[in-house]
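Chemist: Here the protein sequences line up with chains A and B, keeping their order.
For the first sequence, the numbering used here begins at 1 and goes up steadily by one.
For the second sequence, the numbering used here begins at 1 and goes up steadily by one.
Rather than coming from a laboratory, the hints here were simulated on the basis of the structure.
Hints may be right or wrong, so weigh each one.
[As the list claims (entries may be wrong)] Within a straight-line C-alpha distance of at most 20 Å, the following computed SDA-like cross-link-like pairs (lysine to any residue) qualify:
1) K73(A) <-> N170(B)
2) K263(B) <-> I104(A)
3) K35(B) <-> S9(B)
4) K239(B) <-> S266(B)
[As the list claims (entries may be wrong)] On the chain B side, residues computed to face chain A include the following (Cβ under 7 Å):
5) G100
6) R104
7) Q178
8) A265
9) S266
10) I270
From a predicted model like this one, the values you see are computed outputs, not experimental measurements.
By construction, the Cβ of each residue, glycine as well, lies at the ideal position given by its N, Cα and C atoms.
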Amino acid sequence: MTEKIRLCGIDEIEIDSKNIYSLNGGIEIGIFNINGEYYAIENKCPHRGGPICKGQMQNEIKANWNGPGMRIKESVSSVPTIACPWHGWEFKIETGEHIGDSKISVNTYKVIIENENLYVMV
Amino acid sequence: MSGDYIVDSDAHYLESLPELAEYIPDGNPFKERFKRSPGKMFPSAGYPDHYMYGRIQREEVGYLRGEMTPEDIPIAMDIIGADDIIVITQKMLSFARLGGDDERPELITNAYADYMLDKVVNPNEGIHALLVLPYQDPEKAVDLIDRCGGEAGFAGACMICGGPEPPFGNRKYDGIYQACQDAGLPLVFHAGGASLDYFYIKGYEKFISTHTLGFLWSNMSQLVSLVIQGVPEKFPDLKIVFQESGILYVASLMARLDAEYLKRASEVPILTKKPSEYMAEFYYGTQPLDEPKNISYFEAAIEEMGGASQLLYSSDYPHWDYDPPSSITKIPFLSDKEKKMILGENAKKVFRI
């Protein structure tokens with residue numbers, strides 16, 4: 001049974017930033033504003049339980065290889081990620097998937113925006 | 001000139017170790033060891049007497065009684081019970097000693113290829129070889145693949161893992177990988193041998209130390225380089241084989257690399273899956289087969305490596321630490337089907353035999 005819980009007004013989170021909210025049940029949830037789209041991630045890394053939402057955001061690094069003998073070129077994509085400050089496990093903010101192993105995910109929650117208020121389904 | 005007084009200030013007297021042994025105090029173990037040691041150098045951790053100073057005695061074939069001849073290979077096959085055999089010559093195992101030599105790698109590998117085709121290989125009789133590549137000069141390695149890679153006598157190509165600089169994940173070797181992939185040649189990475197590894201772990205006093213660490217170091221270092229620098233991602237159809245470091249190290253390295261990868265995935269964006277997943281697609285020669293105290297550890301490790309499908313029985317005969325086929329057939333948890341796979345069926349699929 002999921003519950004709709006109001007966390008904040010959407011104007012409380014600036015674009016390309018995040019806030020962390022504590023729920024009564026002890027769960028902490030990070031809300032990320034990515035270009036006006038909002039994502040909710042549990043502030044608990046599946047690795048060692050670190051406060052992942054306190055980590056640094058960046059966009060995922062991608063590789064491009066043009067053939068034998070060519071250097072692998074690395075570039076910054078448009079896929080936002082968050083890295084756990086404890087050990088660096090890095091997850092895609094939009095999906096919660098680990099960038100190196102899609103079978104590993106951080107818990108995510110559905111976000112609902114109503115009347116400038118942000119709710120999560122927990 | 002005649003009549004002049006001459007001093008040769010540096011000549012050499014070629015003594016034998018058995019002669020020297022007479023002057024070693026009674027009771028010292030080296031007195032008996034040197035009595036049985038025909039080597040030219042003092043046996044050491046880097047240049048050992050592989051045969052335990054004469055105590056390992058297998059004189060059917062091999063360098064205990066001098067060099068082998070092509071006629072010895074069927075004898076070796078009979079001893080092992082092999083229907084097909086894939087050989088690398090003894091001297092080529094020390095190939096990495098050439099280091100950065102600019103001339104001999106190309107010269108020697110080409111001569112070796114021609115010699116093996118002319119005198120040794122006989123695929124109709126099950127005698128195959130690996131085409132050893134002069135990785136120091138990748139363009140010449142590709143030339144050699146172009147010239148000889150299609151010969152039926154070569155079951156695959158080979159690079160000796162004796163400390164290439166840079167290691168084999170570097171893009172300078174890409175042409176080699178592309179050529180092998182295009183030619184359908186599996187590529188064997190073969191540990192360089194303890195005397196080579198002496199350069200990396202010098203200071204150890206016993207051959208048991210250098211032999212244990214050396215072979216592991218040889219292959220582990222190249223495995224890490226290949227995987228992390230994306231060779232299997234760049235050349236997905238290249239069959240990669242690692243030989244002569246046992247197999248337990250693979251599972252250990254998989255776990256170590258995966259742990260690192262999950263923390264630092266953004267450092268290697270060329271990878272699209274965990275290092276262990278690439279490694280589970282490689283093939284591994286079984287020799288020198290580890291002997292774990294707890295056999296279940298062995299079972300779990302093979303499962304981690306991708307299962308019996310990734311293992312290739314290898315004897316290393318006539319080397320001192322060779323493994324007979326019973327090293328596989330006596331493994332209790334393997335099914336008969338898995339034993340058959342490891343003993344021959346996998347190799348039939350991997351190699352061009």
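Chemist: Run the distance test for K73(A) versus N170(B): straight-line Cα separation, threshold 20 Å.
Modeler: holds (14 Å)
Chemist: Would you check the hint for K263(B) and I104(A), treating anything up to 20 Å between C-alpha atoms as holding?
Modeler: holds (12 Å)
Chemist: Regarding the hint that G100(B) lies at the interface with chain A, is the smallest CB-CB distance below 7 Å?
Modeler: violated (20 Å)
Chemist: Identify whether the interface hint at R104(B) stands, where standing means a beta carbon of chain A within less than 7 Å of its own.
Modeler: violated (24 Å)
Chemist: Report holds or violated for the interface hint on A265(B), using the least CB-CB distance to chain A and a cut-off of 7 Å.
Modeler: The hint holds - A265(B) has a Cβ within 7 Å of chain A, the shortest such distance being about 3 Å.
Chemist: Tell me if the straight-line CA distance from K35(B) to S9(B) falls inside 20 Å.
Modeler: With a Cα-Cα distance of about 30 Å, the restraint between K35(B) and S9(B) is violated, given a limit of 20 Å.
Chemist: Using the nearest Cβ pair, does I270(B) come within less than 7 Å of chain A?
Modeler: Given a least distance of 4 Å, the restraint on I270(B) holds.
Chemist: With a cut-off of 20 Å on the C-alpha distance, tell me whether K239(B) and S266(B) pass.
Modeler: Violated, at roughly 27 Å.
Chemist: Does Q178(B) hold up as a contact with chain A if the rule is Cβ-Cβ below 7 Å?
Modeler: holds (4 Å)
Chemist: Do the numbers back the hint for S266(B), that is, is its least Cβ distance to chain A under 7 Å?
Modeler: holds (5 Å)
The structure is inconsistent with the numbered hints 3, 4, 5 and 6, although it conforms to all the rest.
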